[in-house]
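With chain B's structure known, arrange chain F on it following the hints.
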Amino acid sequence: MSAPELDPVQVEIIRNALVAAAEEMGVTIWRTSRSSVVRDLLDYSTCVFDADGGAVGQSTAIPMHLNSMPSCLAEILANHIPIEEWEDGDIIITNDPYAGGQHLSDIQTFKPVFHEGKRIAIAGVLVHHLDVGGGAAGSYDPSATEIQQEGFRIPPLKIAERGKRNEAVVKLLLRNTREPANVGGDFASQLAALETGTANLKRVVKRYGPELLSAAMARIQDQSEAAMRAMIRDVPDGVYTFEDFLDDDGIDRDIQRRIAVKLTIAGDGMEIDLTGSSPQAKGPVNCTLAMSYSAAMCGVLMSLGTEIPANAGCYRPATVKAPLGTVVNCRAPAPVANRMAVGHRVVNAVMGAFHQAIPGRIPAAYYGVSYATSMNCIHEDGSRQVYFDLECGGWGGHPDEDGASGFSCGLHNISNAPIEMLENSLPIQFQEYGLVPDSGGKGRTRGGLGLARAYRLEAPSGVFAANLDRFKVRPYGLAGGEPGQPGRLTVTRAASGETEDLPSKVSSVPAVKGDVFRLQTAGGGGYGDPAERGEAAKAADRENGYTRA
Amino acid sequence: MAAIRIAVDIGGTFTDLQILNEETGAADAHKVPTTPADPSEGLIAGILEASDRFGFALADIRAIMHGTTIATNAVLERKLPDGALLMTEGFTDVLEIGRHFRSVVYANKAEERALLIPRSRRYPIGERLRADGSVERALDVESVRAAARKAAEAGAKAIAICLLHAYANPEHELAAARIVQEELPDAYVSCSHAVSPEIREFERASTTVLNALLMPVVKTYLSKLRGRLSDTGIAAPVYLVQSNGGVTTPETAGEQPARLLLSGPAGGARAAEVLSAELGIGNLIAVDMGGTSYDVSIVDSGAIRLVTEGKVDGLPVRLPMIEIRTIGAGGGSIARVDETGRLYVGPESAGATPGPVSYGRGGTQPAVTDANVALGRIDPDFFLGGAMTLDVDGARKALSKKVARPLALEDGPAADGIVAIATTHMASAIRLSLFEKGLDPTDFALISFGGAGGLHACDTAAEIGATRVVFPRDPGTLSAWGMLFSDVVHDIARSRLMRAEAANLGEVQSLIAEMKADGQEALARDGIPEGERSYPVTLDLRYPGQAYEIGVPFDGDLAATVTAFHDAHDKQYAHAERHVTPEIVTLRMAATGRLSKPAARPFEGGKEVSVKARRPVRLAGAIRETAIVDRETLGPGAELAGPAIIEEAHSTLLIPPGWRLTVHPSGALIAEGDTA
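Chains B and F, in that order, give the protein sequences. Take the first sequence: its position 444, counting from 1, is numbered 444 in the working numbering, and each next residue is one higher. Each position in the second sequence, counted from 1, maps to that position plus 1000 in the working numbering.
Check each hint, because a few of them may be wrong.
Dumping the calculated DSS-like pairs for lysine-lysine here, alpha-carbon to alpha-carbon at most 27 Å [claimed, not checked]:
(1) B:K262 - B:K202
(2) B:K282 - B:K472
(3) F:K1150 - B:K202
(4) F:K1571 - B:K538
What the simulated footprint calls covered on chain F by chain B, stretch by stretch (three residues with Cβ under 8 Å from a Cβ of chain B suffice, anywhere in the stretch; the number is not a length) [what the hints assert, rightly or not]:
(5) 1069–1077
(6) 1104–1116
(7) 1329–1340
(8) 1408–1419
(9) 1422–1428
Cβ pair distances, simulated, as ranges [stated by the list, open to error]:
(10) B:T319 - F:V1580: 47 to 57 Å
(11) B:N176 - F:D1440: 55 to 65 Å
(12) B:E84 - F:A1114: 37 to 47 Å
(13) B:I358 - F:E1182: 51 to 61 Å
(14) B:G163 - F:Y1535: 18 to 28 Å
(15) B:P460 - F:R1078: 24 to 34 Å
(16) F:H1575 - B:T319: 37 to 47 Å
(17) F:R1405 - B:E167: 57 to 67 Å
(18) B:N544 - F:T1353: 36 to 46 Å
(19) B:E167 - F:N1073: 55 to 65 Å
(20) B:E167 - F:E1348: 50 to 60 Å
(21) F:A1352 - B:R207: 53 to 63 Å
Hints in this document: simulated from the structure, not taken from any laboratory. Keep in mind it's a predicted model, so treat the numbers as computed, not measured. The beta carbon of each residue, even a glycine, is placed where N, CA and C say it ideally should be.
Same shape as in the complex, but just chain B (with noise of 0.2 Å):
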């Protein structure tokens, strides 16, 4: 309900401070944390909520992190702690994908900020952090088969009660973390960042009041509400189907995975139901339905095209329906650490069926995979090094241009690191690090294409592991566009000279001096017929080598 008085230049002031609350957070996270995954990566999201925890304004620069803290709050409030418990000075926290969250990696605190005795509105930070204990360091571990190896578990509980903090918590967070002087600064980043919030929001509250503040966070809900429903109003009512598959989860490495996406638009409402997506999975592919929802919401924002400020009012109009037990709403103790593999191709399937519904609009599909791999590099002396790796490849053709090569594209948005100073700190030496000729689809537009990445192991020995998909099954076309070409992951061994193929998931793959890895990043689909691509368009595709037929 919205004050019928109100302002709109009030509204659209107080929005402005509101959407600097969240950006200041950020920048306190990004200013004062230890680690720098955290810094670099970006890995963090902040929020402002409403008294009653309705999402006003959001920061991130990566979309995975879209909706997660509204979905995870959602659930704190109804099946753990009611709002009524919710005290001056308390921060709730929790990482529990079962309790509304994602994987364990992510950390969510929630912090109510109060007005002369009255809750006027929360705040809240997700940090990924480095390691949350489990199998594997980073604690990815894609032998998981259980959530309980893949880290530890915090229920939604509060972690400082009326400003005193519960130390015990912490110390046993720390324990139970590889990397406690890391984590611990992270964590303390992470409370700045919610002191940060607060301050901002009483400053807020002070200048306009808790009934003229209140009022115009519903009305700034509402108008998000409203051009969310116009632009499904665009879109022509129906049912809409698609489906794209996952090649495995890691252990039953012969079983592909459906993604099923029924997008039905009503009016300015819509409904996107993944019934018929296959039943979870035994490796940690998997999704929670909170996952999926920000997967889902991603897909959705691609395929309109159109920045809306995120906030309740956005996800009013829309629904995802996903059966329990399944890679896209999984049950416990299904490990879910590697659920960007499920969550890239729910992005994937929304797109193809929004593609249905409004051709000429939605490009073929992006590569799809976070290319993640890694190498445990052994010195002479036993000491250890990783090097980590993220990479992209190419995305799908548009109906208007060409996708783009070797960009990030949907639900992650990364850097690559420089090879000069990978060099400098690593005992590893690069081959090869180019764009894939004839990796992207042929269409009337092309795919962007897929990039190649390769180095040779200067230290004595090493263990090799990647975390990788999209090489059976390949980006699709769109509207007779071609898909991609697939990835590819190779290994040329120093002793023999042989090359071996490696399958898409691998952990420790032994390496030793002299042998050469090489990653091949999928290309994007193509979009349209090939036969009616211009002819002064495959010139240039010839002319620089991006296809060479």
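For chain F alone, coordinates are given in the frame of chain B:
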């Protein structure tokens, strides 16, 4: 015979001049229209007009400081020659791959990424250096010859050479450049170790490519300029303004034109630094509000902040430059109401054409300037000193139709609202700018320049909790005035990853000796006498594993520098790992040749405030009869209390109720308010 120093700042519309009498310290401003086809034409015209107007002989000119956007414009408008890039075999796509991070989060079409050299003109060179500069694979001379011939066949006139780890060992690049010059004697050749000898292959390649492509552009311009100057009988040396705030000679600028990119804000930032000393205010937020953009730069404890990288059209330029945050907020920012009843102000801008509705050039969307006109803050007959008459009625009607009615507001509150929203955007940009460096806005004063800023500066200051606003003299030509105070600066760098510990001190010292030799040579070439040269060194340090460095001064005592790094890290990032030895990534030297500095400029003006008119102005939600004062009449000692409107040639200042205004001996106006 007088000694005259001239600064010329060539902008898109006007060429601004400041003429300084080095003996008396008096400075005069002059403006002429810019001549876009050949900007040196306007420069000469401006000097000739000024010589007539202020009565000095061309022979009296001792130096010309020249700010130019010619390099930046050539890149933005793609007026660049065809080029080629030679890169280590296996890595020629590095230029196209870039760094992956996207700025539009939910895009389904990738943002435009500029690519200045297509894949067909990027050639592999057989060679490989290791990280320490040692040779793993010797240079394959034939691969260089083949590349040079293919480049020539493809019509490339500028050749960039960027080999992996060349910052650690330039031998392969030097040898390759010699071969290319043998094959193509007329080509412009740029090597990465000479342009930006820093680790990170993509950023170095990008900078080198820009440099190579700009060489013919800048050299051609400078030779035209030289011709025109000598035809006119001006023999004075010319110095070009660089993005680091210093100046350089035409010879260096021709070889290193990338150093001119992003030099636009340099003059203004330098002026803020000089004013900081003159006014005795160490911490200043310099804001420049023009028609379309709002630039924020910071003077922290008397010094302008530099960064080691900037971007032009999204392309990284890895060279020291003045740090600046720009948002889309200006006098031309458009106000609109969407279907949900939300009022937006900017970032879309009406620009100069058609401009705000009140310009009467066909604009139909009300802009921030229109709101100010409707509120009575701008005299429609005195805009740009009377150069342009504003359409008040048109502005009012557009506001009423496009903003007030859709929101069911009265016209006055609607115009107030537009101004208030624009102010919050500007205040947020300032807060974030300071906040990410661990600085507190309440420790700062605002200094406002640019045509549109004077009406918003006090409100913006109040919004961030600052209580002082400085309005410098001649804000319209302040950037040119700042250039008068520039020194010659050559940035020299060496990247070597090593721990910052005593064992490496020898290597650090020998690298510094190398850089100093380079610097001495460069400054000698510039004709700077020994006594005026200095060689300050900073080390870019980080904790092992971090992706970003902090620059810390180094005077020979490594332990002191490490301590200063921990302190700086603590200040900027709120923690320090004092038990960890940081690593050195890059050593930097700013080899500086000091040019003589003009004396403080005297200012004369009346002590008595003479109100030239009163008119109704809407302020703080009510219409009040407000005093209008001519800035020229305000001399040191004069005081007045807000509300007041101060009018000057190219700008209008608003002193809101509750603010008091005094005049500094330099002629700068200082407004002070009470901020709760």
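Comparing the hints with the structure gives:
no., hint, result
1, B:K262 - B:K202, "violated (44 Å)"
2, B:K282 - B:K472, "holds (19 Å)"
3, F:K1150 - B:K202, "violated (66 Å)"
4, F:K1571 - B:K538, "violated (55 Å)"
5, 1069–1077, "violated (count 0)"
6, 1104–1116, "holds (count 7)"
7, 1329–1340, "holds (count 4)"
8, 1408–1419, "holds (count 5)"
9, 1422–1428, "holds (count 3)"
10, B:T319 - F:V1580: 47 to 57 Å, "holds (50 Å)"
11, B:N176 - F:D1440: 55 to 65 Å, "violated (37 Å)"
12, B:E84 - F:A1114: 37 to 47 Å, "violated (56 Å)"
13, B:I358 - F:E1182: 51 to 61 Å, "holds (59 Å)"
14, B:G163 - F:Y1535: 18 to 28 Å, "violated (53 Å)"
15, B:P460 - F:R1078: 24 to 34 Å, "violated (51 Å)"
16, F:H1575 - B:T319: 37 to 47 Å, "holds (43 Å)"
17, F:R1405 - B:E167: 57 to 67 Å, "holds (59 Å)"
18, B:N544 - F:T1353: 36 to 46 Å, "holds (37 Å)"
19, B:E167 - F:N1073: 55 to 65 Å, "holds (60 Å)"
20, B:E167 - F:E1348: 50 to 60 Å, "holds (51 Å)"
21, F:A1352 - B:R207: 53 to 63 Å, "violated (36 Å)"
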